[in-house]
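Trainee: Just so you know, we're using numbering that gives the first Met the number 0 here: the sequence shown kicks off at 0 and counts up by one.
These are calculated hints, taken from the structure and not from any lab test. As the structure is a computational prediction, the values presented were derived from the model and not from experiment. It is possible that part of the hints are untrue.
With a straight-line Cα cutoff of 20 angstroms, these simulated DMTMM-like cross-link-like pairs (lysine to aspartate or glutamate) come out [claimed, not checked]: (1) 113 - 91; (2) 47 - 89; (3) 47 - 72; (4) 47 - 14; (5) 113 - 98.
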Amino acid sequence: MVDDALDRAFAALSDPVRRAMVARLSRGPATVNELAEPFDITLQAVSKHISVLESAGLVWRTREAQRRPVHLDAAALERLTSWIDRYRLEAERQYRRLDALLAAPPAPSPEQSKRIKEKES
0 MVDDALDRAF AALSDPVRRA MVARLSRGPA TVNELAEPFD ITLQAVSKHI SVLESAGLVW
60 RTREAQRRPV HLDAAALERL TSWIDRYRLE AERQYRRLDA LLAAPPAPSP EQSKRIKEKE
120 S
């Protein structure tokens with residue numbers, strides 16, 4: 000169930016128009032007309048994009064008299080961010096281990112160890 004929700008959300012966000020709509024909605028609710036303003040597409044196309052975002056659980060609509068504003072679901076974005084962070088943090092841990100390994104002085108070769116022992120004797 001969780002994977003299906005992630006798949007739908009990332010698929011919805013794969014489109015630049017929908018990402019721009021999410022960015023706009025991050026500033027507050029907007030109507031279909033307001034969301035359509037920056038794009039050279041039909042209102043029908045905008046409504047279709049909103050439906051995809053709605054199906055992905057990223058936005059929801061309310062009714063205020065004649066207006067039907069679209070709202071961003073911040074909790075849904077937080078779930079996506081948490082999923083990404085889990086893998087980002089693991090990758091960072093691996094890079095820190097690699098950095099530490101590369102920063103450590105190299106271990107002496109067996110031949111160098113032999114010479115060191117001879118000097119100490």
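Trainee: Please write out, lowest number first, the hints stated earlier that are contradicted by the structure.
Mentor: Hints 1, 2 and 5 contradicted; others consistent.
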